[in-house]
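Protein chains: 2
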Amino acid sequence: MDDLIAELAGVLGEANVLVSEQDQAPFITDWLGKYRGAARAVVRPGSTADVAAVMRICARHKAPVVPQGGNTSMSGGATPDASGQAIILSLTRLNSIRNIDAVGNTITVDAGVVLAKVQQAAGAAGRFFPLSLGAEGSCTIGGNLAANAGGVAVLRYGTMRELTLGLEVVLADGRVWDGLTALRKDNTGYALRDLFIGSEGTLGVITGAVLKLFARPHARASAFVAVRDAAAALALLATVRDRCGDRLTAFEFMTGECLALILRHIGDARLPLAATPPAAVLIELSDQDDEPELRERLEAALAEGIEAGLVLDAAIAQDGTQAKAFWRIREGVSEALVREGKAAKHDVSMPVSAMAEFVAVADAAVRRVAPGVRPIVFGHLGDGNLHYNLLPAEGQDPAAFAAIAPELTRIVHDEIGRRRGSISAEHGIGQLRVDEMPLRKAPLELELMHQLKHLLDPAGLLNPGKLMPAATKN
Amino acid sequence: MDDLIAELAGVLGEANVLVSEQDQAPFITDWLGKYRGAARAVVRPGSTADVAAVMRICARHKAPVVPQGGNTSMSGGATPDASGQAIILSLTRLNSIRNIDAVGNTITVDAGVVLAKVQQAAGAAGRFFPLSLGAEGSCTIGGNLAANAGGVAVLRYGTMRELTLGLEVVLADGRVWDGLTALRKDNTGYALRDLFIGSEGTLGVITGAVLKLFARPHARASAFVAVRDAAAALALLATVRDRCGDRLTAFEFMTGECLALILRHIGDARLPLAATPPAAVLIELSDQDDEPELRERLEAALAEGIEAGLVLDAAIAQDGTQAKAFWRIREGVSEALVREGKAAKHDVSMPVSAMAEFVAVADAAVRRVAPGVRPIVFGHLGDGNLHYNLLPAEGQDPAAFAAIAPELTRIVHDEIGRRRGSISAEHGIGQLRVDEMPLRKAPLELELMHQLKHLLDPAGLLNPGKLMPAATKN
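Residue numbers (full-length UniProt numbering), protein chains in the order written: chain S, 1 to 474; chain U, 1 to 474.
Among the hints, erroneous ones may be present.
Calculated pairs, BS3-like style, for lysine-lysine (alpha carbon to alpha carbon, straight line, at most 27 Å) [said to hold, decoys possible]: (1) U:Lys441 with U:Lys34; (2) S:Lys342 with S:Lys34; (3) U:Lys441 with S:Lys453; (4) S:Lys441 with U:Lys453; (5) U:Lys453 with U:Lys62; (6) U:Lys342 with U:Lys34; (7) S:Lys453 with S:Lys441; (8) S:Lys453 with U:Lys453.
Keep in mind that the hints were calculated from the coordinates and are not lab data.
Work the whole structure out from these sequences, hints included.
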């Protein structure tokens with residue numbers, strides 16, 4: 001056993017320092033099976049003090065540290081490189097809900113608490129925590145914070161950044177910044193909190209957070225709506241927003257190709273419409289109570305959409321079961337994609353008003369390079385966030401498609417750049433997009449990022465190879 | 001004319017470099033008349049490029065720069081010191097609305113645009129910009145961003161930080177960071193935007209911003225409600241929130257002493273209640289439409305409050321005129337305070353659940369030191385933000401009160417510290433609270449702030465003496 005491992009075991013106990021291949025297996029590969037790394041050890045601290053001790057030891061030994069929560073990153077953000085030098089710092093033993101304040105509408109949690117547990121604890125206190133995403137049963141709050149998670153309720157409640165009041169962070173040198181305040185307003189200095197949120201574990205290790213809670217909505221209304229295209233969907237979004245205001249909780253867009261794919265692969269998905277439309281949106285409203293009023297309001301908005309020629313057909317859920325069936329379609333997209341083959345995936349955002357035009361231009365541009373390529377486009381239209389995926393032409397050799405996939409990504413991201421969009425709306429940069437950063441960010445912005453990184457992690461030990469491209473300057 | 005002035009005049013024209021005492025007068029004193037400084041020149045750039053040129057010149061001459069918008073800071077944040085070395089950089093000529101995107105719900109503006117002009121432009125486009133505060137007719141967006149302004153709609157829409165998507169910032173060395181994106185979701189790096197927001201002009205000069213717009217609420221319902229005390233008000237807040245959700249737009253608290261003061265000094269203020277109550281709240285709901293439904297909902301919440309013994313008496317506005325009269329009371333507080341005498345003012349925040357207990361404890365604590373002292377307490381209860389003001393005892397010599405005021409402030413802020421609150425919820429640190437920073441911030445947080453300041457403004461030229469206390473380390 002080397003010195004580093006011995007010191008870590010001295011603090012955490014040998015049971016919490018995993019060195020065997022078998023013990024490490026779940027930690028060194030990302031859940032998508034896309035990245036495979038190696039670790040010198042996986043450590044499992046049980047407290048903030050433990051994390052601080054680990055960081056002090058690793059700093060002394062100059063050992064790189066890869067923080068990991070539920071290991072559900074979409075971009076390889078929590079998987080070490082192949083060098084075998086890294087210590088994986090698993091936060092999942094930090095899993096206490098420290099406090100719920102139902103009057104102040106806040107919850108204070110350890111970073112390793114699973115998202116679903118926070119949702120449940122809020123519900124048990126008669127409150128609501130709105131962050132909701134596919135991995136909610138296994139992702140952790142710390143990971144949600146590191147990645148500034150989004151999901152299906154951003155339109156109304158914002159991303160993880162907007163849902164957070166305070167943070168506790170262990171710095172690269174093991175010092176603990178206690179920013180665990182529960183304040184809605186505090187103008188006494190620089191926004192350290194926001195520096196750590198979304199930094200993908202490259203500036204510090206988040207160990208605790210104070211999150212906002214909300215009044216619990218007791219009424220929901222959902223509609224599955226056929227539209228002509230993204231432009232019609234955008235116009236309908238404006239109508240629904242004007243009529244429904246903050247009640248609008250989700251506005252999810254899917255193209256007809258997307259729907260066809262779902263129907264092909266997801267056995268229990270049923271379209272609530274007479275025919276597969278050119279495109280569709282799933283709309284959800286929520287409110288404190290009064291479901292009939294909510295449904296009427298949604299009907300009125302859709303009637304206005306029909307009148308304006310925006311809505312081709314629509315189904316309104318009559319109960320929770322029907323609403324669930326609508327969501328089953330939306331949630332089946334990722335699964336259907338996997339079953340169809342290996343897609344070139346893009347998680348892009350842009351000004352909401354640019355989306356319809358972007359889809360048309362990007363579709364044409366990728367088809368010029370790859371005739372027959374199948375764009376499978378869906379996403380959070382109200383947030384300007386599209387999951388723009390490309391499947392090979394029917395019958396195309398997967399290897400041939402894989403060979404042109406980087407070129408297709410360049411085309412898609414060039415179009416995003418022209419609209420001042422983002423090449424990662426919610427999935428983060430991680431390893432997946434790190435090499436693109438110098439192409440997509442202005443040199444001044446990269447320089448400022450490098451300086452911030454150097455300030456907080458001068459030895460470059462925190463999650464190396466993620467988010468921050470290797471410095472090219474100096 | 002010295003070299004610096006000549007260079008500035010060469011870029012901006014002599015008409016935009018003010019050196020005479022008379023021309024400088026409106027810029028060197030804060031609007032409250034509390035701080036009076038001196039300037040080497042007041043410069044009035046007309047574009048971002050102008051600002052960049054000014055910063056390059058000032059950096060070369062090592063001249064301190066004090067950015068200034070509408071000069072409405074509550075904490076002397078835009079007033080230079082008395083040395084006469086500073087260049088005041090007035091942003092008011094940068095006053096264009098660059099773009100309104102009614103589909104994407106964004107507005108892009110120059111930093112010098114007056115807040116009311118943004119509100120009006122949003123309204124003209126059928127949209128709504130929610131930031132609203134007393135100085136809205138003269139404060140600028142750049143100042144709102146530098147101070148992370150709050151106001152009366154934070155409860156629903158958040159502070160300026162939450163209302164902002166993108167920024168354009170001129171750095172201390174004159175380079176321009178173009179972060180003027182209109183993205184709702186963008187996880188591609190560190191939150192530079194949030195570093196500049198709330199930094200009071202000490203890290204860079206904000207020259208432009210992309211702000212969020214919202215659906216325009218067409219219905220309002222307002223109530224003026226008598227309650228026993230802050231504890232009852234807090235319980236009522238929970239009830240109203242549960243019943244009304246996001247419709248709750250304002251929940252403003254005033255003590256009975258506060259009301260009595262208003263009635264004494266504000267001739268046109270009329271209480272809509274039979275008698276002056278021990279305390280009161282002004283509640284406002286807003287929604288897309290359907291004013292009768294909104295009023296009914298408010299009535300139901302208040303009925304529940306009466307049932308629970310929380311509400312002593314209540315008046316619901318029957319029309320806009322009555323609602324305006326309710327707000328006249330709330331808005332009269334500051335004016336009434338000024339007329340009554342010189343108060344020791346505190347703009348504090350804390351966890352919402354701690355407020356009632358704080359008021360009781362702080363009242364008792366200040367009375368021990370200053371018998372007869374009159375706490376005049378009001379504020380944004382839903383945000384945990386109180387304006388906790390202390391007037392001298394009736395008939396007390398103002399000089400004697402001024403002598404103990406710092407001790408009273410220490411007592412109030414100590415109580416805030418015990419509840420992990422903030423000594424500046426929305427007014428900023430500026431000059432007013434800068435000396436308290438070392439007492440109220442953890443050493444590690446101050447150290448990180450100093451490092452960030454040094455990174456972005458190594459020569460310490462940006463708004464010296466504001467927000468950042470002089471470094472005591474190294």
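Hints, one by one, checked against the model:
Straight-line distance between C-alpha atoms of Lys441 (chain U) and Lys34 (chain U) comes to about 25 Å, which keeps the hinted pair within the 27 Å bound. Annotation: proposed proximity of Lys342 (chain S) to Lys34 (chain S) holds, straight-line Cα distance about 12 Å (limit 27 Å). Note on Lys441 (chain U) and Lys453 (chain S): the hinted pairing holds, with a Cα-Cα distance of about 23 Å set against a maximum of 27 Å. Annotation: proposed proximity of Lys441 (chain S) to Lys453 (chain U) holds, straight-line Cα distance about 23 Å (limit 27 Å).
Restraint check for Lys453 (chain U) and Lys62 (chain U): the C-alpha separation of about 16 Å stays at or below 27 Å, so the hint holds. Our distance criterion of 27 Å between C-alpha atoms is met by Lys342 (chain U) and Lys34 (chain U), whose separation comes to about 12 Å. Restraint check for Lys453 (chain S) and Lys441 (chain S): the C-alpha separation of about 16 Å stays at or below 27 Å, so the hint holds. Restraint check for Lys453 (chain S) and Lys453 (chain U): the C-alpha separation of about 15 Å stays at or below 27 Å, so the hint holds.
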